[in-house]
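Chain by chain, the residues:
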Amino acid sequence: MQTAITQITNGLVFGMLLFLMSAGLSLIFGLMNVVNVAHGSFFMLGAFFAMAIAGWTGSFWLALALAWIPAVAIGVVMERVFMRYLYRRTHLDQVLLTFGFTFVFADAVRWIWGPEIRNLSVPEALSGAIEVAGVIVPKYRVFLIAFGGAIALALWLFLERSRVGAMVRAGVDDAGTASGLGINVSALFAMIFGLGVGLAALGGAAASPVLGVYGGMDIEILIPAFIVVVIGGLGSLRGAFVASLLVGVIDTLGKAYFPELALFVVYLLMVVVLLTRPNGLFGVGRASV
Amino acid sequence: MNDPRSAAATAPRPMLEAQSSDRQRAFVAQRTVAALVVLLLLAAVPLTGNYTTGLVAEVLIFAIFAMSLDLLIGYTGLMSFGHAAFFGLSAYVVTTLGVHLGVSGWWGMLAGVALSTVAAAVIGFFCIRVSGIPFLMLTMAFSQLLFAVAVKWRDITGGTDGLPGFQRPALLGLSLDDRTTLYYLVLAGFALTFWLLRRLIRSPLGSVLLGIRENEQRMRAIGYPVQRFKLIAFTVAGAFAGFGGALYAFFNAFVSSDILHWSLSGDAIMMVILGGTGTIVGPALGAGIFLLLKNFVSSYHEYWMLWVGLVFIACVMFLREGLWGAVIKRGPAWLRKE
Amino acid sequence: MPNDILRPRAAGDRRRFLSHTGALGAAALGVHAPAILAQSKAPLRIGVLNSFSKVFAALAQANLNGMNLYFDQIGGTIAGRKIEIVREDDEINPQVGLQKLKKLVESDRVDIVAGVQASNVAMAIVDYLRQSQQFFLCSGAGIAALSYVNVPNFFRCSTSGWQGHSVMGEWNHDNFSKEALLIASDFAGGRDTLAEFKNGFVKKGGKVIKEIYPPLGNNDFSTYLADIRSVNPPGVFAFFAGSDAVRFVKQYSEYGLRGKIKLSSSGFMVESDVLPSQGRDALGILSSLHYADTLDNPENKKFVAEYRARFKEYPSVYSEYGYVAARCIHDMLTRIDGNTQDREKMRAAMLATQFNAPRGPFRFNTATQNPVHNVYIREVAELDGRVANKVIATVRDVREPATKPT
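From first to last, the protein sequence lines stand for chains A, H and X.
Under this note's numbering, the first residue of the first sequence carries the number 39, and numbering increases by one thereafter.
Under this note's numbering, the first residue of the second sequence carries the number 4, and numbering increases by one thereafter.
Under this note's numbering, the first residue of the third sequence carries the number 83, and numbering increases by one thereafter.
To be clear, the hints were calculated from the coordinates, so they are not data collected in a lab.
Any given hint could turn out to be false.
Taking beta-carbon pairs under 10 Å as the criterion, some of the chain A residues facing chain H (in silico) [claimed, not checked]:
#, residue
1, E298
2, L301
3, F302
4, M308
As the structure is a computational prediction, the values presented were derived from the model and not from experiment.
In this text, a Cβ means the ideal position worked out from N, Cα and C, and glycines have one as well.
Can you make the complete structure from the sequences, with help from the hints?
Encoded structure:
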């Protein structure tokens, strides 16, 4: 019983990590109907920028606070110069374009920072672990739970409760009418894309003490992120949140009780979900939270 | 004399009709000549040396792979991210049967293509239930499941290290270890695939597939069993991919789990896009461009992925119809199929 | 006078005759000289096939650095032939590796091929190497099977995993714990490592409590660490590579197991490519490897100093691979005056090669054409403010069995 509680707890903690990995992807798809395959690249950029900033300033917190800025800058440029022309085209073209960008970003990172494995250390204040009901949980992971929860809450407030959120949803639902009402749809899209990649970068920075900082992490997190978003339902942020926790728990329990199937479990889960509920668990189409 | 038929036969035909059918004949003749020239050039490749022969053979094998994928992407409108599953499965069947059971490569090839076809039918059956992004992810998931099997079933597949030791079969008394002989086998396979796919596209089935890509709802409304046709396309594409995979096993005399990884499916998609979807020549050209780009750039420049990525981005932005598509649009009229 | 006509040679004539003959002779030699000189002056082309992209990129680069360092130390020529390195990237993909190898052999026409860190690539190219008889010096892959491929021109100067891990298994039982829990990434390298460890460990009477194989690229080890905690073994032996190694070691410490449950590992898990990222979380881990950058011998001190001066970082075992490979090539070719046309001579010369390398005494096992060298037991400790591997025991002249162990 103790083991089960331990593993479920581990799963939930891992799930929060998955949420940080997938929130940005879900946001961009949910609000803009755009598939950003370069999502993993922005996650990786966030981790590298954080490592660089921490190296210069010696402060983890500064790194976490600032790492998203250069990533958002790159994202906005990408949106204005390239993505903007593809909104009218099919999903396929967006997938392809952003897929091409993953190659560029991967080599750019290697060019700038070299191929070695790097790392961002957990700040002193958060090192070590606490014991809760017989389960060991590292302090940093507790922080990640709080951090992830805060992000989820902030996103919800922004999208559901703010004027900007309403404008965004309007712009996505009917761009013509929205701009007729005076909403600058084009600027809005740039902002949303920036927000999405910023989330990815923030996730990368926050997760880097756990995952590490290295080339190749872009591809490694892309698949779990896509799986979470697809299972949760394309376009649903709530779905992404729930799916993250679900996938986290199932993956962890799978590793614990069916170790031989560890590689298969998550893919099987995705197959089952997609075949029974093709729109995911919470998917209702676009622009839903 | 008064027989209208004979009058019609001897009366001069309207000018336009005569011109257009003459033009059509000229176009066909030009296309045939072009095709023969290309075939001749390809047949002459072994004169350039062992190394380039091997390189072109590899391009032709991936051309088969890419052409089969285009049946899905360009003709039926199904974006599959799991096509490597059928390419790799067949390669594994050929290699494992040969290494573990001593089965001749020819029987292995038959088994490989058969198994890929069956796998495509089964996986396709499930995947076509969804479309768009879910379809993309589902095809990828199935392919990754196969990948996981290849990695874990180390006793049979060799796992991540792969399975060496495949003995190439003999071809009409000639050894396939001789690269030139192997090349001609691959060339024959490529020509066969090209010809078969062309016939398929020209057939009523091909028109249906194109119709599905253009407007699935309309096809359904007219009364076509769209799902059945999608499944047919998926299965046929899988069969051809399997053929390519078997040839690849012959070529390398080796197989490893990388052949089932989704990145190979991604490479194939790049080939199709670079060359041009919705044509038969396009993906073949794209395979050549992609592989040659990868090889030459990587020999001279450490950061070749960057350049391939940039070329690809430029292609998606500005040359969406692919290189061959652009050639057709802006080239001489006889290239366009009428 | 008639005699004057018959006596055209005067004093100056002899000089002229000699100079004419000399000119003729020089002309004759001159026609052949370029050919002879060309033969010994033809550049020595070395093909380096390694994984310069993807996860082994740093390792491959370190390898090449080590090689370049040695070649520069000897002045860039061997037996009068200028060294030219042609490098190719195998992308850790056997299919690509095979293709690039063909390019090096058939198109670039290199004299020797070296490199290959990735075991899957190494296994894939064996057949081609056997058929083409290309002279090959493996300076990376550690898969034990490579020692038994029986290809005459195939040599390995890195190590066989068997040497390090089997020795660790024996030492582990005698000095660490009599029972162990084993954990490694689920890929060929991981499974082979544990099998090799078990080979030595069980032979000495050790008992394996449990074996765990997390998937390759695993992000979260909490499941497995909780399992280890509940089993509470006297000792754990682990092997992970790359970012998995960093994550495992850090999480092992994060979850409170460091210091509570003794951890030992393959040397590769705590080498200089990952140790800086693991940092203090790795302190106390015992590992086995045929090299440590803290080794106290003159060759190594020189190697470390020069490597640091040039590349601004400490060398790793991978740098040493390249350095030793370069030295092997140098020694072999010097023995046969730079002749790369006669492969049998090359092979004999390579078999006879032995010297003091940074890792200690180095020579080839004639049965397997794999190195015979020391294996060191090291402990991760803080030395002069740097987290490094301190050598605490030495097992000398480890030689693998002549035939493949079951």
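For each hint, the structure was consulted:
{"no.": "1", "hint": "E298", "in the structure": "7 Å, holds"}
{"no.": "2", "hint": "L301", "in the structure": "4 Å, holds"}
{"no.": "3", "hint": "F302", "in the structure": "5 Å, holds"}
{"no.": "4", "hint": "M308", "in the structure": "5 Å, holds"}
Violation of the numbered hints given earlier is absent; every hint is satisfied by the structure.
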